[in-house]
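Colleague: Work the whole structure out from these sequences, hints included.
2 protein chains.
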Amino acid sequence: MSLIELIDATKAVIAEDASKAQALFQVANELIGTAKVEVRVGSGHRFTVDEPESLGGGNAAANPVEYALAALGSCQAITYRYWATQLGIRIDKLTVEVDGDLDVRGFFGVDDGVRPGFGAVRVRVRLSGPETAARYGELAHAVDAHCPVLDVFQNPVPVQLELVTTT
Amino acid sequence: MSLIELIDATKAVIAEDASKAQALFQVANELIGTAKVEVRVGSGHRFTVDEPESLGGGNAAANPVEYALAALGSCQAITYRYWATQLGIRIDKLTVEVDGDLDVRGFFGVDDGVRPGFGAVRVRVRLSGPETAARYGELAHAVDAHCPVLDVFQNPVPVQLELVTTT
Chain A
283 MSLIELIDAT KAVIAEDASK AQALFQVANE LIGTAKVEVR VGSGHRFTVD EPESLGGGNA
343 AANPVEYALA ALGSCQAITY RYWATQLGIR IDKLTVEVDG DLDVRGFFGV DDGVRPGFGA
403 VRVRVRLSGP ETAARYGELA HAVDAHCPVL DVFQNPVPVQ LELVTTT
Chain C
283 MSLIELIDAT KAVIAEDASK AQALFQVANE LIGTAKVEVR VGSGHRFTVD EPESLGGGNA
343 AANPVEYALA ALGSCQAITY RYWATQLGIR IDKLTVEVDG DLDVRGFFGV DDGVRPGFGA
403 VRVRVRLSGP ETAARYGELA HAVDAHCPVL DVFQNPVPVQ LELVTTT
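Protein sequences appear in the order of chains A and C.
For the first sequence, this note's numbering begins at 283 and goes up steadily by one.
For the second sequence, this note's numbering begins at 283 and goes up steadily by one.
Hint data in this document are derived by calculation from the structure and do not stem from the laboratory.
What you are looking at is a predicted structure, and each value in this text was computed from that prediction instead of being measured.
All the given hints hold, so there is nothing to weed out.
In silico SDA-like links for lysine to any residue, alpha-carbon gap of 25 Å or less: (1) A:293 with C:342; (2) A:375 with C:449; (3) A:375 with C:324; (4) C:375 with A:310; (5) C:375 with A:449; (6) C:375 with A:314; (7) C:302 with A:397; (8) A:302 with A:427; (9) A:293 with C:341; (10) A:293 with C:340; (11) C:302 with A:401; (12) A:302 with C:394; (13) A:375 with A:424; (14) C:293 with C:433; (15) C:375 with A:320; (16) A:302 with C:397; (17) C:375 with A:322; (18) C:293 with A:340; (19) A:375 with C:391; (20) C:293 with A:401.
Quick list of the computed label-pair ranges, beta carbon to beta carbon: (21) A:438 with C:286: 29 to 37 Å; (22) A:383 with C:370: 28 to 36 Å; (23) C:370 with A:300: 43 to 51 Å; (24) C:374 with A:302: 36 to 44 Å; (25) C:335 with A:299: 20 to 28 Å; (26) C:404 with A:315: 24 to 32 Å; (27) A:408 with C:402: 32 to 40 Å; (28) C:374 with A:438: 32 to 40 Å; (29) A:408 with C:404: 32 to 40 Å; (30) C:449 with A:404: 19 to 27 Å; (31) C:374 with A:427: 43 to 51 Å; (32) A:302 with C:415: 38 to 46 Å; (33) C:414 with A:402: 35 to 43 Å.
Derived list of chain C stretches under chain A, where covered just means 3 residues or more per stretch with a C-beta under 8 Å from a C-beta of chain A: (34) 310 to 324; (35) 353 to 363; (36) 400 to 414.
No residue lacks a Cβ here, since even glycine has one placed at the ideal position from N, Cα and C.
Modeller: What follows is the structure, encoded as structure tokens:
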């Protein structure tokens, strides 16, 4: 099945029955070193998170805020693919660079007026292909309105936090 | 240098000179398949992002929203480590489970009243160690006030988006 056939079939199913659009994503993160974390994804994938040595980690892998930026950049890239396909717009090459500014005084509690997360994020999409700039602008508008991780960055997500302790 | 020595030294430096607290994190994401993305992190690490076959990908790796949940869960785990160390609270074992509900009608544009990102996220921290529940509650309070990726989920981040096209 081509991507456009899969998109059209999926849209038909979820437009008919909204219960079929409800997806649950799950991850489990275990702290296995000073700052090293093993991640098991519900879908079966595994990967590691760590901090650089300058922050007391072993530098075995990217750190959580780098994974957050990669989640945003890769989500933009994939949303470009799906929406270009839906809109009949051709893309030959696509890269997404993401920069994030973070003031670590927030994390360390040195100044509680400083937020612990990113103060600013910049996304630069580099796209080549045969369409007009206006047509790619139309695509960017559709992507930014429908990109799941961009929504997570730009808008508050309700997060329920629970602590279970055992001795 | 022990972790508490590193934390104390870092706090002394950034309390003295705020310019030393300004960190820049960077990632580059290249679309190399239907939904497959290769990520290069500024720190040198590399990893892959993909979608499952049901969504038209090759299932080579976790997808962007799973990486976003792992960024949150691993950030919680590491922030527990650093703040437990700062507060002198012992942790023997820590796992963080994160679940996210996502209605894919938003992503596919079937209903623009549905947000594309997570409608709800649940974080369950499982912690064992010798301290009282009250002491671990104090730790959780400090962690949730200083966890960078929790801040990204709970509060709007200013994101500047730029599209550069070439033919």
